[in-house]
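Participant: Generate the whole structure from the sequences, applying the supplied hints.
Residue numbers for the sequence shown follow UniProt numbering, beginning at 1 and rising by one.
Hint data in this document are derived by calculation from the structure and do not stem from the laboratory.
Check before you lean on any hint, since a few could be wrong.
Stated by the list, open to error - Quick list of in silico lysine-lysine cross-link-like pairs, DSS-like style, CA-CA up to 25 Å: (1) K191 - K166; (2) K58 - K71; (3) K87 - K72; (4) K169 - K191.
Keep in mind it's a predicted model, so treat the numbers as computed, not measured.
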Amino acid sequence: MVRGRRRLRVTEKQVLTYSIVLNELCSNNVAEYQALIVGLQMASEMGIIEIEVYGDSKLIINQLLNIYEVKKEDLVPFFRQASHLLKVFESVTLNHIPRKENRIADALANLATTLALSEGETTNIPVCNRWVLPSLDISDHEDSNAITIATNNKEDWRTPLIEYLKHGKLPDDARHKTEVRRRSSRFILYKDTLYRRSFEGTYQRCLSGEKFSKP
1 MVRGRRRLRV
11 TEKQVLTYSI
21 VLNELCSNNV
31 AEYQALIVGL
41 QMASEMGIIE
51 IEVYGDSKLI
61 INQLLNIYEV
71 KKEDLVPFFR
81 QASHLLKVFE
91 SVTLNHIPRK
101 ENRIADALAN
111 LATTLALSEG
121 ETTNIPVCNR
131 WVLPSLDISD
141 HEDSNAITIA
151 TNNKEDWRTP
161 LIEYLKHGKL
171 PDDARHKTEV
181 RRRSSRFILY
191 KDTLYRRSFE
201 GTYQRCLSGE
211 KFSKP
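Facilitator: See below:
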């Protein structure tokens with residue numbers, strides 16, 4: 001569960017119900033990471049600045065806290081993407097809640113009660129059918145298959161994003177710094193190649209001159 005606060009003050013507690021359906025078989029840890037990544041992406045796009053993450057996977061929480069090393073190769077890209085997304089927020093708290101104590105010691109137990117519906121009451125739960133990090137081990141595409149957006153910038157537009165995703169380095173200019181942090185939530189760096197997440201949830205390889213190659 002991901003809980004956050006926006007700059008806009010709200011007067012009452014809100015619970016957003018959201019379901020994600022993975023379209024490929026995967027391990028429980030991969031599924032946990034993907035659910036977390038979707039929650040973080042949604043929070044970032046909503047303008048949330050402070051976030052609290054509650055999870056019952058001790059492995060994942062401790063990996064994100066850098067207590068545990070990520071040893072399984074299939075978890076590495078998910079760990080990197082989740083770690084990057086966490087850096088977008090001004091304040092982050094990661095909490096592990098043991099599954100056996102979920103019903104008793106869950107810090108968000110009170111929030112869960114707000115999901116209880118009265119008899120005859122209904123609610124809509126958006127369902128997202130997707131795979132958060134699709135296979136990106138693909139060969140280079142021809143430029144003829146790329147989507148191009150004209151730009152006059154001399155500097156490669158990818159450089160600031162790559163510097164931030166790879167080294168955590170931000171531009172000195174305050175406005176540019178904020179822009180890079182905001183935009184970065186829609187990008188991932190995989191095998192030194194920059195990819196942008198589309199609105200459909202797919203990833204497009206970023207080329208020079210604001211080009212995006214469809215995988």
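Participant: Of the numbered hints stated earlier in the document, which are not met by this structure?
Facilitator: Violated hints: none; all satisfied.
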